[in-house]
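Student: Protein chains in written order, with this note's numbering: chain A, 579 to 1120; chain B, 7 to 289.
Source of the hints: derived by calculation from the structure; they are not laboratory data.
The C-beta atom is built at its ideal place from N, Cα and C for all residues, glycine as well.
Among the hints, erroneous ones may be present.
Facing chain B, a subset of chain A residues (Cβ under 10 Å, in silico) [said to hold, decoys possible]:
#1 Asn734
#2 Gly739
#3 Asn740
#4 Pro787
#5 Val790
#6 Gly791
#7 Gly795
#8 Asp798
#9 Gly802
#10 Thr808
#11 Tyr810
#12 Ile814
#13 Thr835
#14 Gly864
#15 Gly946
#16 Ile998
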Amino acid sequence: MIALLLQGISIKLFSQENNLGQISGSFQLDGQFYQKDSLIGAPAVPEKIGVIAYTQLFYTRGNFEAGLRYESYLTPLQGYDPRFKGSGFGNRYVKYTVKELEITAGNFYEQYGSGLILRTYNDWGLGYDNAFDGVKIRYNPYKGLVLKGLVGNQRNFWDKGNGIVRGFDGEIYINDLHEKLSNLKTRVIAGGSFVSKFQRDQDPIYKLPENVGSYSGRLDITYGKINIFTEYANKINDPSAINGYIYKPGNALLIKTSYSQKGLGISLGAKRIDNMSFRSDRTATGNSLNINYLPALTRQHVYNLASVYPYGTQEKGEIGFQGTMIYALKKNTKLGGKYGTGITINYSRANAIDKSQIHDTIPIGTKGTLGYNSNFFKMGKKVYFEDFNIEISRKINRNLTAIVTYVNIAYDIETVQGHIGAPKVYSQVFITDVSYRLKSTTTIRGELQHLRTHQDKGDWAMAMFEYTTKKWFAAITDMYNYGNEDKNLQIHYYTASIGFFKNTNRFMLSYGKQREGIMCVGGVCRTVPASNGLTLTITSSF
Amino acid sequence: MKILKLFLLALSGLLFFISCDKIEAPFNENPAGNDTTKKYSRVVLLEDFTGHRCPNCSEAHIIAQDLLNLYKEKLVVVAVHAGFLAQPAGGIYTYNFTTPEGTELNNYFGLSAAGLPKGMVNRKKISGQYPLDKDAWGSEISNIINLPPDANIKITNNYNSSNRTVNIEVEAIFLNALNGEYNLVVQIIEDSIIKPQTTKTGGDVLNYVHMHTLRTTLNSTWGDSLTSAPITPMQNFIKSYANIPLGTDWKEKDCYVVAFIYRKDNSEGNQYEIIQAAQKKLK
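Next comes chain A alone, as it looks inside the complex:
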């Protein structure tokens, strides 16, 4: 069984460049072999094996481009939405450019501004794909002006969502408009969008708006080392499953500023989201049929124990802040050492928004009403998430590099993960990551991590050792929940992995226990159920 899997699937297609055009693409396969493990909560899976895979092909020739993606979820891995079960062409399109006009027909992805009003994308690891199926145009009538339009339904697993989405976006590069402006030190980009969706109202109880429109405006200013970006989006009444069928309009504001110079980078961000879930089907929940994307203003942690409590954006309402400073201590100084030292300090926080009753007798969020009033500048009492972290990275000698990280997270697990009644989690994580280069192509790396908390599952300790060469790697990891209140649940979640690289092909096989948790990328989350067994991943590109 294992031998069969190891022989695996090797993809060798050539990128051809000649008069007949060019073909390129990629492939990924994820397979999991499940074993029941009641101690960690891994269920018995009737089909025993889950395999998900996709093949993406692109064909380009001159001004013409076509793409095709075939997907198979037989069956979707645990944690992926089971409605993906099946196989088929999940994505197909053709694109043609005629001078200033670019036309795409079929499935496409699009983003207006920061995505507050419209953003569709595909994340295989999350099982997220809200692509449009319709027509999109991009028109560049003259230098400095880009107009975009689209109309379509959205992908809903193997079908199309109920709602029709129409979008329009204009972006002006002020400096490109006129010769005199192009020489200015200040660079300005301004943009605006309008997006509306249509869905029939067949609800027998409520009068639901069939056309829901939203608009947004944005500004991006760069002056020397400083950049400021801001975007504001507003949506009219959109009663939906997510907001509990209230008729309150929604809005979102995003502000980001950054400063960078040699050796120092500072970025600050703030956002306010109020009832801004925007989906093409008002009954949709989970990760399906989102028209827009509400950004998480938090650091995406890479280390295991720092990702135990990740933040998922609260689309019903939140106020967030983030500040990051990246500083490079100079080489050959006392503090910086021979090779220099990097320091990253990051702080982020997400709060509830202020909510008050619209009328004495109507509780906040009552179905079929305007919902609530909210003071724009006031913060709600609840702190959903707070993360302070500092990371120091130092190259000690030619072959040795060390990274030390401290993370302090306060986590409203009840709101973010839906663990009703669970107390807020306060955790501190210490991480040491040391890598040593044995030869030019061989590295060994070790990690030691510790998570300390009095809530949820208690303390964790983690150790990882990894050996990487040019052609292969091997790693062993153990995450030990020694601090769990329940002695039976003080389990070692061990994993052994081995991988091979050849050309652009990568094979990875790992065996072990996976703890139950959630995985979030950019504020969008999916559950990762506990599992025990073998995992296979194959990726390739051509």
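Assemble the complex: chain A is given as a structure, and chain B must be docked to it using the hints.
Tutor: Chain B alone, transformed into the frame defined by chain A:
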């Protein structure tokens, strides 16, 4: 020419501004009401898959009740407790609401796997899927509930209080000529079971009133075959179920017999679709 192109684009952009429906209060529909003039009317079955430890399920219960208040005898609701969150668990959630048939339905149609609360309206596939979000139930029901019926079901119950058993007779009359094979399923549901339920905003509610709970299925998950031959108008079938015992803690005054007819074959692509349902008080 370029200016004209730009103008047309700007105009279409402006047209978008018009496509906005701002609804003014009051936000409720004036219900169309039920037309009681016809002899036979369509009765729709809503199956609400739920669990006592499912926090969002209480919202689904409210939606089901709102729809019952609107459609009255034209709608039958059955709450099927199934899946992980319906299982008896520690603490206050020790009661077993599940039934083997309910579990089989749940596994077959993938309800709890899609995340409770989920339901089915006449077991109709919507956008290729069986599990339907609670907020879509009303729309799906309104689509079909006023269509002329294809069948009528008459239930007669004879309850014997001395040994707590019931004799049930179900008469199914097909009103139109129909293709396909049809099965009949007969169940007993019970209202007002007072047991704990997790709710999103209220935490654990100890004395929650569980309504339309599926207690038993008399003739197995997939029911009895009514006919496999083509059906002629007004053709009728009678099925009898004798001496059906009630569970020891069931309250006979809150029990109802539910019966529904569904299509067994898939020759026209609508396998499992329910064509008519009915409900009758047990006692």
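Student: Run every hint past the structure and note whether it holds.
Tutor: Do the hints match the structure? See the list:
1. Against a cut-off of 10 Å between C-beta atoms, the interface hint on A/Asn734 holds, since the closest Cβ of chain B lies about 6 Å away.
2. Interface hint at A/Gly739: satisfied, since its Cβ lies 8 Å from the closest Cβ of chain B, which is below the 10 Å cut-off.
3. Below 10 Å, beta-carbon pairs count as interface contacts, and A/Asn740 has one with chain B at about 7 Å; its hint therefore holds.
4. With a cut of 10 Å, the hint placing A/Pro787 at the interface with chain B holds, because the nearest CB-to-CB distance is about 4 Å.
5. Using the Cβ-Cβ criterion of 10 Å, the hint placing A/Val790 at the interface with chain B is satisfied: the shortest such distance is roughly 7 Å.
6. Taking 10 Å as the C-beta contact cut-off toward chain B, the hint placing A/Gly791 at the interface holds, the least distance being around 4 Å.
7. About 14 Å separates the beta-carbon of A/Gly795 from the nearest beta-carbon of chain B, more than 10 Å, and the hint is not met.
8. A cut of 10 Å between beta carbons decides the hint on A/Asp798: the least distance to chain B is about 21 Å, and the hint is violated.
9. Evaluation of the A/Gly802 hint against chain B yields a violated restraint, the C-beta minimum of about 34 Å exceeding 10 Å.
10. Taken as an interface hint, A/Thr808 does not check out: its beta carbon lies about 22 Å from the nearest beta carbon of chain B, beyond 10 Å.
11. The beta carbon of A/Tyr810 is not positioned within 10 Å of any beta carbon in chain B (closest approach about 17 Å), and the interface hint is therefore violated.
12. Checking A/Ile814 against chain B by beta carbon gives a least distance of about 5 Å; that is within 10 Å, so the hint holds.
13. Annotation: A/Thr835 was flagged as interfacial toward chain B, and the flag is violated, the nearest CB pair being 30 Å apart, outside 10 Å.
14. For the restraint placing A/Gly864 at the interface with chain B, the shortest Cβ-Cβ distance is roughly 7 Å, inside the 10 Å limit, so the hint holds.
15. About 5 Å separates the beta-carbon of A/Gly946 from the nearest beta-carbon of chain B, less than 10 Å, and the hint is met.
16. Hint status for A/Ile998 relative to chain B: holds, with the closest Cβ pair at about 5 Å, below 10 Å.
Violated hints, listed in ascending order, are 7, 8, 9, 10, 11, 13; each of the other numbered hints is respected by the structure.
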